[in-house]
Structure formats: C-alpha cells, structure tokens
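Residues per chain, in single letters:
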Amino acid sequence: MPDLRTAFCGIELDVPLVNGSGTLDALVSGTLGLGAFVTKTVTLHPREGNPPQRIAETPAGMVNSIGLANPGLDRFCEDHLPRLTELGVPLVVSVGGWSREEYAVAVARVAAHPGVAAIELNVSCPNVDTGCISIGTDGAETRALLERCREETDLPLLAKLSPSVADVSAIALAAAAGGAAGLVLVNTVRGMAIDRTTLRPLLGGGGGGLSGPAIKPVALHAVYHASRATGLPVIGMGGVASGQDCLEFLAAGASVIGLGTALFRDPSLPARVTAELDSLLADRGLPAVGDCVRLAHQPLSKPSPQLEGMER
Amino acid sequence: MPPAELAEGYRRLPVVRAEAVGAYTLLVLRNDGGPVGSPGQFFMLRSVPEPAAAYLPRALSAAWADEREIAFLLDVRGPGTGSLVTAGEVELLGPLGTGFDLRPGASLLVGGGIGAAILPWLVRLLDPAPRVVLGFRSERHAVCAALVDPEATVVLDPVVVTEPLARLMPFAGTVYACGPDPMLHAVAALCAEHDVPCQLAMEAAMACGFGACYGCAVRIDGEWKRLCVEGPVLAAERVMAGA
Chain A
1 MPDLRTAFCG IELDVPLVNG SGTLDALVSG TLGLGAFVTK TVTLHPREGN
51 PPQRIAETPA GMVNSIGLAN PGLDRFCEDH LPRLTELGVP LVVSVGGWSR
101 EEYAVAVARV AAHPGVAAIE LNVSCPNVDT GCISIGTDGA ETRALLERCR
151 EETDLPLLAK LSPSVADVSA IALAAAAGGA AGLVLVNTVR GMAIDRTTLR
201 PLLGGGGGGL SGPAIKPVAL HAVYHASRAT GLPVIGMGGV ASGQDCLEFL
251 AAGASVIGLG TALFRDPSLP ARVTAELDSL LADRGLPAVG DCVRLAHQPL
301 SKPSPQLEGM ER
Chain B
313 MPPAELAEGY RRLPVVRAEA VGAYTLLVLR NDGGPVGSPG QFFMLRSVPE
363 PAAAYLPRAL SAAWADEREI AFLLDVRGPG TGSLVTAGEV ELLGPLGTGF
413 DLRPGASLLV GGGIGAAILP WLVRLLDPAP RVVLGFRSER HAVCAALVDP
463 EATVVLDPVV VTEPLARLMP FAGTVYACGP DPMLHAVAAL CAEHDVPCQL
513 AMEAAMACGF GACYGCAVRI DGEWKRLCVE GPVLAAERVM AGA
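First to last, the protein sequences are chains A and B. Residues in the first sequence are numbered consecutively from 1, following this note's numbering. Residues in the second sequence are numbered consecutively from 313, following this note's numbering.
By construction, these hints were calculated from the structure, which means they are not laboratory data. Hints are not guaranteed to be accurate.
Output of the computed footprint for chain B on chain A, the stretches with three or more beta carbons under 8 Å from beta carbons of chain B [as the list claims (entries may be wrong)]: (1) 21 to 28; (2) 61 to 68; (3) 261 to 268.
Ideal Cβ placement from N, Cα and C applies to all residues, glycine included.
Just need the whole structure built from these sequences, with the hints factored in.
Here it is in structure tokens:
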C-alpha cells in the first residue's frame, strides 16, 4: 500500500488533499475525508458578498462571483475559529485585504489563536474591485506584503496566486523572496458569463472566476512553472476531479492537491480520489506520494512501456 | 444531512417513469428505502450518464416521496433538466436543507407556476385538508393543479394568486407558499398585513446544496445568506426583513 501521508511546510497530512479556500464550509458539512481544511478567506471587516446571480454553469466548469462573503475577523476569531480548530485535521486560515496593514492585522490575530497550522494570503480573488488581486498581480507588492506579514508570525505563510497574470513565475519568485513558505495555485481564472436572453452580464458582480475541469491545463502550467522557479512546496489545484488529475499535479510540482469545484458536484470526492490515487501509485510501483512530486521536471530515465516500439 | 451521510455522496436510483403533465414533466424515481426528509427540503439531481452540457447538478424539492418512490415535477428549461427526464437512472443527494414546519390547525397553500410542484406532498400530510390557491401563466401550465388538489382554486395570468388569497384573509391558520420571488413577497406582505403566519419555499441557483459554494445567496434577515443552509423554507418575516 503506498504511503499517502505528506508533510507540507511542516504540517503532517494523512492524505495529500485539501479543499480550495471558499469551496467547503466544514462547520456545515464536516471535512469529508480531506487531509487538512482551508477556510474561506476572512477579511478585517464583515462582507455580505456580491448580489445574485453568483454562479453560472459553463462548459466543463462554472463561473462564480461570490465576492469574499465572510463574517469579518472579529466574529471569525470569536465564533468560527474555536470550532474550526476542533475539526481533527490541520487548519489553514485564508486571509484577504485591501492593504498590507489589513493583511498584517488579520495575520497577527489569526496567528495568536492556538491550533492554526498555516496562514494563506489570498492575493488573487477576482471578485472584488480593488485590493487582493491587485496586490497579487504586482511582484513588488506581493513581496512587500509577505515581508510585512512575516513580521507578525512564525507560522508558515502561503501565497495564493492567480493564473490571470502575464508571468506567474515572477509573482511566485516575489512571494518566495518575501518569505512565503509555500504557494497555493491556482485561484480561479478571470471570466464572464453573458445571459443568453438579455445579453447582459449574468453574474451580479459583472465578471467572475472560472473554475472546474476547463482550467486544469492553465493550472498545471502555473504549478509547473511556479514550482520550477521557486522550489517552494505547492498546493496545486484547478479542475482536479480524479486520482489521475492528482498524479498530474504532483508531477507538475504540487505536493498537496486542492479540490474545489468538483467537490460541489460530489461530496464523496475526497474518498474516491484517495482510493484512486492509492491504486495509481501502486500500479506505478511508487511507494509514497512524495515519489511522484516534480516528476514532470525530470527527463524519462528510460523509455516508458507506452513509448517502446514507437518511432522517435 | 449529517456529515457522515453527506460524505457517502450521491445515490443512484432508477427512473420508474417520466410523463408530461401539461407544460411540466413528472419524474418518478424508485426509492431504495433511503431517507426522503420532509416537504420543502430538497435534493441535488443529475442524470446517468451526465449530460456534457450540464456540469452541475440541479436542486429540486420533491412533489412527494416515501420509502418506495420519490417524485419531482419539473419545468424542463435546458440540458440539465432535459437530461433528467430522458434518463434511465438518476443520481441524487439529500434530503438537504430545512423544509416546511407543519403547524397544527388550518392551512392555506399558495403556489405559483412550477412552485406548485412541491405542494402535493404537503396536501397529503396536512390534516385537516388545506385550502389550495394556485396561479399559472396558461391552461397548459395549470394541468398540474390536479396533482396538487382537484379542489384547488386556480387563476391564470393576468390574474394573480393574491386576488383570491386576499378574499380569504384574515386566514385563521398557517399559509405555506412556493413560487417566483415577486409572488412570495406579495403573499408575505398580505399575510403580514393580516398577522397570518406564513412560510415561504424559495429558489436559487445552487452548485452544491450543502453550504460549500456560497452561490445560492438570498436576502434573508436583511443580508445575503445561503438558501441551502438557512432554507429553502423560511419564515416570511426573515425574507421580508429589510425588503
């Protein structure tokens, strides 16, 4: 039986699966067999989120415009955090903001609470007008944000990055230079849906973020290049729906896999993906998850069985 | 749904029949003895095999359900609902959310359009038998009224359900309503005016049905809240708060 346990930035996970921030409310549904839980992004002040319609189905995915709906830092720390630290799996708290100082305040407050394993800095939400993604599309801002937050805690800081940038490696390098212990990528790809009847934007927020199988190639590309550029551990996500998808993300450079949109369609997904991953690793004779990580960065040492006999 | 049951995911049920009821379609599944919940709760449904053009499941409340069968009345609008009514098997998650709170005493049911779909189960459970008022946009749409209650008062566009409803006010009992948002708001306002307790079954586009996607935001208690977590059946005051 392959060993599915994984260490990520010093956090021990029984299985290399987490949820993407904002794709599961563990206080409602439990953690469904994930190896760690990532919270929905919390901001300094409460946010109701964007008006409906908030989701639109697209070919092989969906566009969302939720708008960082969250109870705000005070209520999150007083009401949610104590219950989240009792879920029985490592807890990653995702924070967002409109300025360096807002992030720093949130990081300090969250880090002061026992039971938080790591803090994700969401610098990539496409559904707010300012802040957040405007930091994460600028290398210098990203580095300065990490440096500022680094002053507030010794916990691992993870940078959640957008694929909607010209050069994801440059942003990843900036995050690394600022003191990120790991990277989380990708957030959703900027997108839009037009109402087929009214021919006006369908989502209440206008634009939105595309997720689901439609973005898997985009995500693999970002994970591959960010991992290669920085050497940092990566939580890879974007359209993952199977054990085979996990293998591909591991090979691209992720050491932990995030599930998101596919979880909406199937709450038994973590259990199914775990079983598939276990059997795929066994088929390949790989004793542990770690043996698959970054395989795509190495040349094939010998012709694979599938390639034998093919003209090259 | 308890987390342990939710983690088991969708269950697959065979389709017994899918038949036209006027403009709508009745889809009857053979239940495997699994839980069905109560009227107003909902299920997430998708066809087997999944249609390529519909990535997400569809949220539907049952027309009626017991250990032997679960029935849904659908308004087929696109590839998702279309694939459900032609499928041989359907995958289903639920029951989810909070249904109607059945109160003792007299009841008055109000349905608008496909909102009538979830009322037959209520009619079966309520004792004494409820008064039923239904509104539809055409005769074809009104055919399903017979599934709810052959004795129902039925109005057609441009007459709105609040016309016959107003004549029954003040009603000495509970009003249960399902239909489009403007109808629900009008029913809630009328009930508030006469101090009649009222419960509204609301609708929103949902990706998950279990609080994960935050897509089904509805104005509840004066804020955008998740309908799948708070409802889909809500006390009218919660919907009217700040409206």
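Verification of the hints:
With 5 residues having a beta carbon nearer than 8 Å to a beta carbon of chain B, the stretch 21 to 28 of chain A meets the requirement of three or more and the stated coverage holds. Coverage of the stretch 61 to 68 of chain A by chain B holds [criterion: at least 3 residues with CB-CB distance below 8 Å; count 4]. Check on the stretch 261 to 268 of chain A: 7 of its residues sit with their Cβ under 8 Å from a Cβ of chain B, so the three-residue criterion for coverage holds.
When the structure is compared with the earlier hints, no violation turns up for any of them.
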